[in-house]
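Asker: Going line by line, the protein sequences match chains C and F.
Numbered by the working numbering, the letters in the first sequence go through residues 1 to 576 in order.
Numbered by the working numbering, the letters in the second sequence go through residues 1 to 191 in order.
Be aware that a few hints might be false.
Unchecked claim - DSSO-like mimics (lysine-lysine), calculated; alpha carbons at most 27 Å apart, straight line:
1) C:K3 / F:K181
2) C:K520 / C:K487
3) C:K323 / F:K181
4) C:K324 / F:K58
5) F:K175 / F:K92
6) C:K551 / F:K119
7) C:K301 / F:K66
8) C:K124 / C:K184
9) C:K40 / F:K175
10) C:K551 / C:K531
11) C:K249 / F:K4
12) C:K264 / C:K209
13) F:K92 / C:K324
14) F:K58 / C:K141
15) C:K493 / C:K551
16) C:K124 / C:K180
17) C:K456 / C:K40
18) C:K318 / F:K89
19) C:K493 / C:K355
Claimed, not checked - Simulated restraints, written as ranges between beta carbons of each label pair:
20) F:E118 / C:V519: 48 to 58 Å
21) C:N112 / F:D158: 44 to 54 Å
22) C:Q567 / F:P173: 33 to 43 Å
23) F:N166 / C:E325: 31 to 41 Å
24) F:D131 / C:E325: 46 to 56 Å
25) C:E470 / F:N190: 52 to 62 Å
In case anyone wonders, no lab produced these hints; they're calculated from the structure.
All values reported here derive from a predicted model rather than from experimental measurement.
All C-beta atoms, glycine included, are put in the ideal place defined by N, C-alpha and C.
Each chain is listed here by its residues.
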Amino acid sequence: MRKLMLGNEAFARGLYEAGCRVVSSYPGTPSTEITEEVAKYDEVYAEWSPNEKVALEVALGASIAGARSFCGMKHVGLNVAADPLYTASYSGVNAGLVIAVADDQGMHSSQNEQDSRHHAIASKVPMIEPSDSSECKDFVKLAFEISENFDTPVIVRMSTRVAHSQSIVCTEERQELELKEYIKTPQKYVMMPAYAKGRHVFVEERTNKLTEYAETSPLNRVEISENAEFGVITNGAAYQYTKEALGDKASVLKLGMVNPLPVKLIQDFASKYEKIYVIEELDGIIEQHCRNIGVNNVQGKEIFGYIGEIPQSVIAEKLLCEKKESVSLDENIPVRPPVMCAGCPHRGLFYCLKKLGVTVSGDIGCYTLGAAAPLNAMDTTICMGASISALHGFNKARGAEAEHRSVAVIGDSTFMHSGMTGLVNIAYNNSNSTVIILDNSITGMTGHQQNPTTGKNLKGDPAAAVNLEELCKAIGIKRVRVVDPYKLSETEKAIKEELSADEASVIISRRPCALLKYVKHNPPFAVDNDKCVGCKACMKLGCPAISIKDKKAVIDHTQCVGCGICQEQCKFNAIG
Amino acid sequence: METKSIMIVGVGGQGSLLASRIIGNVLLSQGYDVKVSEVHGMSQRGGSVVTYVKYGEKVYSPIVEKGEADIVISFEMLETARCLPYLKKGGKMITSVQQIDPMPVITGVAEYPENLVEKLKTAGADVTAVDALSLAEQAGTSKASNVVLMGVLASKMDFPEEVWQNALEQCVPPKFLELNKKAFALGRSNI
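With the rest of the complex left out, here is chain F (with noise of 0.2 Å):
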């Protein structure tokens, strides 16, 4: 099969690491040659971050470029729209509807571009918006937005329940897991 690629952005610091492992442990279960392409040190200290899941029969750069992505999945709107260039024709994008201010936008050099998700799908992009962060809220933490997300993209893969479940179970800390699991189905009920 032909290389699938799956980009996962966000703002440092909202837990795009556990996500790209949780996939990462997913596809690795189902017998696929499997990369994952992280950034840590400066950018991770609020900074964009991108990460990026690779799978298929055999899998060389782990890096997924412009046009190149099957998935995007984004916790953030702005980042959404950053990734925008790298959705390959015909590819989805799930995204948190969460905006966070960037610095320039803070400072008020810049301003936060409105109705983000109209111009996505303007521009030909197959949108799936959840309110992550609350219904993160609802299974009981506001840092489980990236397990929510996760459920979100079960629902647009074709990998069984059980498959994802162990997942969660083996890059969860047990004492986070019954929790994280009620984040995923509010995530993959949601859609």
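Okay, chain C solo, but in the shape it has when bound (with noise of 0.2 Å):
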């Protein structure tokens, strides 16, 4: 059947043909919908793990157990992934593993640009780059067999744009696998130093197969065009934009394998034209290994830069000396970036946390919009995790001052994911830090997730559901207390004590997020324009829903869910 697929949802339905079984991984954009639409198979078992790590050691449990297996991520979760990722590559596999990685070209929705081809090098495993939804499908199911083929996890690496543009798919039926049997084999599966030694032979015996591979494999492509007066090399999304800009102005080397690359099939078509372009983009990997090889005719980062995405304008600009003509409005259009929700309940709590002056040590989530105007509450934003364990570096250096004036904020998911070792060394370590969690029941900005404390699994059938308060109790903390962050007051009466106190403490700031469909809204609130007297105080809370017209505020009756925080905030009850 012809359809139309994202990438996602293509990969997904690869993972379904080829007979995967289990899948474990933790959602990122731009990867979450290849779990999500797999989930939705009843033939493949699929859960969403803690974390990355956690979720490539359920998938390569699977794949030793015999069963065809897949682990998906973005690409800095596989910086979290990566000490199973290493050794994985030594052990290989008994069925095939894929392992998904979704760089972020561009920084549509991540906190770098890190170009995840450097892991696949450093761990030699095979990693293989589609560049639309067809591809996503067939280079599933190929991942799959080079994986037995050469016993070896297989990355697939995805992009923005190609895990999140519908192409056309044309679907064809599951190939169903029974187990492969699981024989003990300690000098396989058992990584220690006798037996890593001889693994490791292995590993570099399986690269050189897997570059006579890529010599010949259907993964890599030659377009030959009679009019072309240079060759590009190129991979990934960068292949579409080169064929958009191009046409047949060029002749192109696809490279589907981009680990390990292939040698003489670059030096021959290297040697056709006097000029190769290497179009790849992040770093110039591809670039490199063709001076390594001695192909010296090619330029590519001196023209393309190592930043962003390079479309089809950037290369008809740069190759062609074209450009498109544009007209734009001679006017001061402002811009309109992200913003927590009306009805957000991080709104509450970043209010008080600005007003309140004190240091906020943030995290990754929805909740990293605390650091846009007009709350600014948000000191640092690192990495999973990093809220916690660096407050109470920040803590460590600057001793009992800053205790009393700084918190950590995290949400629930990524608490689960890395915080809660954070918190095991504040308390082990001893620091009188504050750390807040921001409980909205769900996994927010990948588009409402489940997780262990939501209650429910990947299939939303009812799970055990972790209690904050009672791990958090049992980690050594203390002082662990409960507010709702749309009682403005209370919540700032709460965060005032905890950070008095002279032992650590957890605030859970609980609140569904308001976008949940189980979550009953209030009517929208209206102003009384005799009583509102322009003074502005409920603009501080940054709501999307409430502006100024005429000098009055006025609530957006589409937007507003009737959360009260500006009600609350309004002395003069112009608001209700």
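Mind assembling these two chains? They're in different frames, but the hints should get you there.
Answerer: Following this line, the structure appears as structure tokens:
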């Protein structure tokens, strides 16, 4: 059947058709929908793990047990899963093991722009890279074959554009596979030095075989154009931009296998043209490889740089000196940055933090938007879980004075991912730190995924729920309390009390995400024009539903969900 | 045929994903190669959201860049104005007249520009401005303004009505179908 599918949806279809049986992932834009979509097939067991390291270990265990298995994550997730990845390269697999890692060229929704091909090279694991939805499905199926034929995990590298673009896919039937036999093989699966030494020899031999495979693999493709004046070597989304910009003006070597890279294939292609351009997003890995194998008529990074995407306009401008005509208004168009939604439970909490003027050690999630105007209530955001551990370090460096005026903020899902180990450190190494867990009962930013605190699993079925209060107490934090962030004065009081306490404390700011379907909203509020004096106190909350028209506050009834924090904020009882 | 480009712009949460799915479905049924590119993640939280739809004999790049859009469909006036540089010479803009203040306007550091429809027309754009929000509310919910704009779009494209109706049936959950068909009809007959 011919269907329009997101790259991620087609990836999931590929997993299904390839007979994949076990899936374990942690959500992360732009990778999330692979796991959400594959969970819709009853033949596949799929789960959200607490983090990427756990997820990859689950998938590896399933592979060793004889089931084709999969683990998906975003680029920074692979840093978390790097530990099992590097040794899974040595142990190899029993049934096929495929890993998706989604890079975010252009940083549409990420904290850095790392190129995950480096992980493939360093771990000596083959990496393949599709450039549209149809290839996503086909490459995944091929990835399982490569995994089993070469005894290795295989990484499929996605990008935001490939993951989140729909293109046409022809679906096929699922290949139902029996579990492979599990045979106890400590030389392969017990990676202690004596056995790992032998496996390292295997890994190097495997890389040689994979390089040979890359020379003739259908993953790599030469497209010769009779009119070509030069050649282009490209991969992933950049292939599509190249074809769009250059049409038949260039011959193209499309590399679907990005680790290991072929040698002779590239040498032969490069020898046909005087000039070869390497068009690859982020780092110059293919370009450097070309130079390493004696192909020196290449240019790439000096033209296209290391930052962001390389869309068709850039290629046309740089290589053909062509630029599209375009007009714009002679007018200042205000930017529209993302904001916390109307009724977002994080707003009340961040308003209190801003009011108290404390240092806020932040984390990854919707609440990172607390850093934006008008709340401006965040000092740092580094990576998943860093809010808590970095606060401890901050306080150890600056002592008691800092301890009484600094907090960490972290979401429920991020806390389960890698925040709780930081809290263990606070209890164990005794800093008087205040940690606020923003428990909105869901993984919000990536689009509402269940997590170990929500009481439901990926398929929506009831599951064990971690009790955050009891967990924090068991870790060794004696002062644990819960507040409702819709109640500003109660929240402010709790933060003040915990900051002044002489021991570590946890405040759980609990209120479900306003976008959750089961959350019942109050009727929208309206402003009484006779009572509103235009003091703009309500505007300090940064609610997108409130604006000022003719010097009076106005509430947009289509956005307001009646959370009431503006009502508490208004001293003139003008909101009701 | 040459590849055609459509841009759908608006504010996160206004329903551009459904709109792009309806258009994608229509184009697929007509036998075109189609690509639709969406934005997920942080920008969806009330930020500017852009979706690209491209169709033709063979489509490569899924994204639309400055000077490339044959049609711009916009849910919000400021986003329409922001999008003007993407419009191809001779391209069409279909916009809702709805205005949603962005945070810099709410906090008072910027002003929402006035008379944008006139300014866009003066700049040479072919603009069709519709009160999609009121028409959607007339159909039964403010949330259907995306489908009202699909009705307007249908009136500007040469595809049979039944193709659009089929797309609605396939993309909209059954319990909201009647309401959305009404919204679509209001958009289509508004022009």
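Asker: Hints numbered earlier in the text: which of these fail when held up against the supplied structure?
Answerer: Checked against the structure, the hints that fail are numbers 3, 5, 15, 20, 24, while the rest are satisfied.
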